[in-house]
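A.B. asks: What follows is each chain in one-letter form.
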Amino acid sequence: MKKTFAALAAVATLASTAAVAQDFKAPIQARQGEMRILGMNLGILGGMAKGEVPYTVEAASAAANSIVGVTMIHQATLFPAGSDEMGADGTRAKAEIWDKMDDYMAKWDALGAAAAEMQTAAATGQEAIGPALGKIGGACKSCHEAYRAPQN
Amino acid sequence: MARILKYLVAVAVLAIAAGLWLTRAQPLPDDALAGLSGEATHGKQVFTAAGCASCHAAPEAKGADKLTLSGGQRFASDFGTFIAPNISPDPTQGIGGWTLAQFASAVTRGVSPEGQHLYPAFPYTSYVRMTDQDVADLWAYMQTLPASDVASLPHEVGFPFNIRRSLGGWKLLFFRDAWVMDVPPELERGRYLVEALAHCGECHTPRNALGGPDLSRWLAGAPNPSGQGTIPALTPDKLDWSAADIAYYLESGFTPEFDSVGGHMAAVVENFAQLSAEDRAAVAAYVKALPAP
Numbered sequence: 001m002k003k004t005f006a007a008l009a010a011v012a013t014l015a016s017t018a019a020v021a022q023d024f025k026a027p028i029q030a031r032q033g034e035m036r037i038l039g040m041n042l043g044i045l046g047g048m049a050k051g052e053v054p055y056t057v058e059a060a061s062a063a064a065n066s067i068v069g070v071t072m073i074h075q076a077t078l079f080p081a082g083s084d085e086m087g088a089d090g091t092r093a094k095a096e097i098w099d100k101m102d103d104y105m106a107k108w109d110a111l112g113a114a115a116a117e118m119q120t121a122a123a124t125g126q127e128a129i130g131p132a133l134g135k136i137g138g139a140c141k142s143c144h145e146a147y148r149a150p151q152n
Numbered sequence: 001m002a003r004i005l006k007y008l009v010a011v012a013v014l015a016i017a018a019g020l021w022l023t024r025a026q027p028l029p030d031d032a033l034a035g036l037s038g039e040a041t042h043g044k045q046v047f048t049a050a051g052c053a054s055c056h057a058a059p060e061a062k063g064a065d066k067l068t069l070s071g072g073q074r075f076a077s078d079f080g081t082f083i084a085p086n087i088s089p090d091p092t093q094g095i096g097g098w099t100l101a102q103f104a105s106a107v108t109r110g111v112s113p114e115g116q117h118l119y120p121a122f123p124y125t126s127y128v129r130m131t132d133q134d135v136a137d138l139w140a141y142m143q144t145l146p147a148s149d150v151a152s153l154p155h156e157v158g159f160p161f162n163i164r165r166s167l168g169g170w171k172l173l174f175f176r177d178a179w180v181m182d183v184p185p186e187l188e189r190g191r192y193l194v195e196a197l198a199h200c201g202e203c204h205t206p207r208n209a210l211g212g213p214d215l216s217r218w219l220a221g222a223p224n225p226s227g228q229g230t231i232p233a234l235t236p237d238k239l240d241w242s243a244a245d246i247a248y249y250l251e252s253g254f255t256p257e258f259d260s261v262g263g264h265m266a267a268v269v270e271n272f273a274q275l276s277a278e279d280r281a282a283v284a285a286y287v288k289a290l291p292a293p
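Line order of the protein sequences matches chains A and B.
When the letters of the first sequence are read in order and numbered with UniProt numbering, they come out as residues 1 to 152.
When the letters of the second sequence are read in order and numbered with UniProt numbering, they come out as residues 1 to 293.
It is worth saying that the hints were derived from the structure and are not from the lab.
Hints may contain errors.
Partner residues aside, some chain B positions facing chain A, computed with beta carbon under 7 Å [as the list claims (entries may be wrong)]:
1. 258
2. 259
3. 260
4. 261
5. 263
Ideal Cβ placement from N, Cα and C applies to all residues, glycine included.
Isolated chain A, as found in the complex (with noise of 0.2 Å):
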């Protein structure tokens, strides 16, 4: 009987294991689609600020209001408790995020605001990419010394 209850005890927290672990799957890719968004658009910025890309308003405007978009996307959906590196697969989200949410967010409004003002760099020209960029870099790099883990 002892013996029943604790296979079934076992079945059943392997089972919440894996259900949790499915549940995180969606917010996880979600955070990484964000960085990757992210990504794609500063490196056409980065490009324009180099001179390896020419600059048009259309597109850094176009880069620039990407960036905000994202930056409006609603963070607490994206992180439930226990989806950090620990307690899922896939992620170098520390968990420190989740002990210091005030901070974090901070951190992502801080992002927030940089990238308004890549919106209004990217309307003036070419010349005024590059210092935006420098924010928005500044902006990442305080969020990813934090709160990211080492990759493998």
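Fit chain B to the supplied structure of chain A, relying on the hints for placement.
C.D. replies: Relative to chain A, chain B alone:
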């Protein structure tokens, strides 16, 4: 029989004496940097390139607070946890009471003013290649920084690594002042930045079981000393960035794919962003010249 015993005892005593002599701390002589006067403005550049504040600032200090070198950051390793000490100019808790020669002994020889070996968590193994003038300039600049009266904490290191004398043996095995890579003159600035000031090899080169660098795999990537994840390789078998990509990464923190720098490297980029474009290009040129391991 008694004679053999006597002989053996004599040999043992000699061996111990030789061991103690070999593992002694070897500070610089008191007049090592005599006649050099430090120039604080250049010292600030040395300070930035050497990344002093990245480890010696208080935990989570930001912006100008990073120049108060009160210590307290923790560095986990296989040998225990090292806690960065206060190196602000405070005469009691910091290093304000040191002489230039004592400072140079600590930075380039890993010897404290009390004549003890320092742990190589402090990268004197790289700083040994610093020029005397840069050491004097660095010292002059550090005098201008704010003093902090926060006490340094003892390292959390267990037996046998808590016996500082054993570091004398470690130094015999692994402490070298020679350059790692032979380079043509146009790469010397980059080599000076990479191998001496910026101490890139401390994390990007793997270590053996005793914690000594495996120079046959120089900058070829390594497990993260904190125990989690890896430090990427900079060698051409793994890193295919152009020199311009490397320089731009050191300036902006963006990879060619516009991923961003993270972890402790974020602090390195913060420092390199303050150096000249020529220095970033020099580092990039050195990295591009690395051989595959």
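A.B. asks: When the structure is checked against the list of hints, which entries are broken? Sort them ascending.
C.D. replies: none
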